[in-house]
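Numbering (our numbering), first residue to last: 1 to 402.
Hints in this document: simulated from the structure, not taken from any laboratory.
Treat each hint with caution, since some may be false.
[To be verified] Label pairs and their calculated CB-CB ranges:
#1 N127 <-> T367: 49 to 55 Å
#2 D154 <-> H65: 39 to 45 Å
#3 R269 <-> N323: 32 to 38 Å
#4 H65 <-> R176: 54 to 60 Å
#5 D154 <-> E241: 35 to 41 Å
#6 E217 <-> Q364: 53 to 59 Å
[What the hints assert, rightly or not] Simulated pairs of lysine-lysine, DSS-like, Cα-Cα distance not exceeding 30 Å:
#7 K103 <-> K213
#8 K33 <-> K61
#9 K61 <-> K213
#10 K377 <-> K397
#11 K377 <-> K91
#12 K374 <-> K91
#13 K377 <-> K103
#14 K331 <-> K61
#15 K15 <-> K331
#16 K18 <-> K309
#17 K61 <-> K15
#18 K158 <-> K224
#19 K225 <-> K213
#20 K158 <-> K103
By construction, the Cβ of each residue, glycine as well, lies at the ideal position given by its N, Cα and C atoms.
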Amino acid sequence: IYDRESSTSQSKVVKEVKEQEVYMGEVPLMTDKGSFIINGTERVIVSQLHRSPGVFFEHDKGKTHSSGKLLFSARIIPYRGSWLDFEFDPKDILYFRVDRRRKMPVTILLKAIGLNPESILANFFVNDNFRLMDSGAQMEFVSERLRGEVARFDITDKSGAVVVAKDKRVTARHTRELEQSGTTHISVPEDFLIGRVVARNIVDADTGEIIAKANDELTEALLKKLRSAGVQDLQVIYTNELDQGAYISQTLRIDETVDEFAARVAIYRMMRPGEPPTEDAVQALFQRLFYNPDTYDLSRVGRMKFNAKIGRDESTGPMVLSNEDILAVVKILVDLRNGNGEVDDIDHLGNRRVRCVGELAENQYRTGLARIEKAVKERLGQAEQEPLMPHDLINSKPISAA
Numbered sequence: 001i002y003d004r005e006s007s008t009s010q011s012k013v014v015k016e017v018k019e020q021e022v023y024m025g026e027v028p029l030m031t032d033k034g035s036f037i038i039n040g041t042e043r044v045i046v047s048q049l050h051r052s053p054g055v056f057f058e059h060d061k062g063k064t065h066s067s068g069k070l071l072f073s074a075r076i077i078p079y080r081g082s083w084l085d086f087e088f089d090p091k092d093i094l095y096f097r098v099d100r101r102r103k104m105p106v107t108i109l110l111k112a113i114g115l116n117p118e119s120i121l122a123n124f125f126v127n128d129n130f131r132l133m134d135s136g137a138q139m140e141f142v143s144e145r146l147r148g149e150v151a152r153f154d155i156t157d158k159s160g161a162v163v164v165a166k167d168k169r170v171t172a173r174h175t176r177e178l179e180q181s182g183t184t185h186i187s188v189p190e191d192f193l194i195g196r197v198v199a200r201n202i203v204d205a206d207t208g209e210i211i212a213k214a215n216d217e218l219t220e221a222l223l224k225k226l227r228s229a230g231v232q233d234l235q236v237i238y239t240n241e242l243d244q245g246a247y248i249s250q251t252l253r254i255d256e257t258v259d260e261f262a263a264r265v266a267i268y269r270m271m272r273p274g275e276p277p278t279e280d281a282v283q284a285l286f287q288r289l290f291y292n293p294d295t296y297d298l299s300r301v302g303r304m305k306f307n308a309k310i311g312r313d314e315s316t317g318p319m320v321l322s323n324e325d326i327l328a329v330v331k332i333l334v335d336l337r338n339g340n341g342e343v344d345d346i347d348h349l350g351n352r353r354v355r356c357v358g359e360l361a362e363n364q365y366r367t368g369l370a371r372i373e374k375a376v377k378e379r380l381g382q383a384e385q386e387p388l389m390p391h392d393l394i395n396s397k398p399i400s401a402a
């Protein structure tokens with residue numbers, strides 16, 4: 001018991017300590033035969049195989065959509081706490097859901113963990129660099145990105161000689177010729193830029209006004225505006241149809257939240273529909289979902305499996321999720337959709353584990369203790385004059401019932 005009058009905000013002064021032995025219930029002991037005597041009857045626990053905590057990647061085997069398209073998904077399963085699912089829809093938009101509730105664009109979750117559109121695009125895409133000219137532009141030459149593409153215009157080396165004619169496929173021989181001629185930039189026509197996606201905010205150096213935001217599509221009007229503002233260097237995200245899909249960029253386009261707090265409010269509304277989203281309530285709920293050890297526990301097995309799956313060397317770590325964990329899972333899922341990596345087999349015994357007796361007993365005891373904690377807090381909250389002893393506060397029935 002603390003002294004309210006004499007205690008300051010920095011240090012609490014203990015007024016008195018009350019100690020008392022309290023009956024907390026009974027824990028059954030195992031007999032020689034491996035059974036338990038519970039309420040006078042002999043009972044045997046049959047071990048079951050459960051899905052191991054960790055992260056799992058899978059697809060629907062083409063059963064969801066009529067076209068037979070594979071829809072990839074990932075699921076982070078903790079030992080205790082909220083499940084976090086990520087899934088692609090048939091239009092290649094990436095969504096997430098918490099505890100199988102309503103799905104939301106994954107960029108809302110990425111914004112809620114502190115990323116902005118610029119950093120989201122930087123995490124998932126590499127950039128093509130352009131230098132704007134009076135008409136058309138110069139594109140930085142990267143051989144790996146050109147190889148295998150069909151030329152939409154005549155590709156010339158730095159002397160002006162045509163290396164790849166229009167509508168011809170660029171081969172390794174062509175890129176080698178361009179490299180040997182010392183070509184660093186390729187002249188591209190204006191319409192090659194139209195429809196490309198800006199990788200970062202472009203700011204007018206004189207006025208400080210944002211001319212184009214990250215993830216904006218380039219149009220003729222926007223290019224004209226950029227030239228008139230004196231912008232020369234332009235970065236756009238690199239995508240192709242084969243192994244660099246624009247999935248995160250498309251998802252960002254349907255996401256209406258503007259910043260971190262707005263994203264957390266959207267998650268709060270999904271988890272607590274109808275409740276007013278005050279700032280404290282919003283932040284508390286988000287912390288409690290994945291970052292609070294009292295409500296979220298990956299377990300040592302879960303953390304080890306999680307780290308192994310996302311390619312980390314260490315097998316230990318915090319039992320709660322971190323922002324880096326969430327980002328790593330989304331990256332692997334996008335890689336799977338791009339055709340890299342393999343999905344998990346959930347029936348494989350490496351992805352399952354046995355819950356042993358001590359663990360089951362611990363889980364039951366934990367639920368009983370949680371109920372007692374709630375009851376004790378309620379009892380202490382009721383202002384009473386008579387002195388309370390531990391015996392008055394703690395009732396062992398919830399533990400016995402559990």
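Okay, which hints does this one fail, numbers in order?
3, 4, 5, 8, 9, 11, 12, 13, 15, 16, 17, 20
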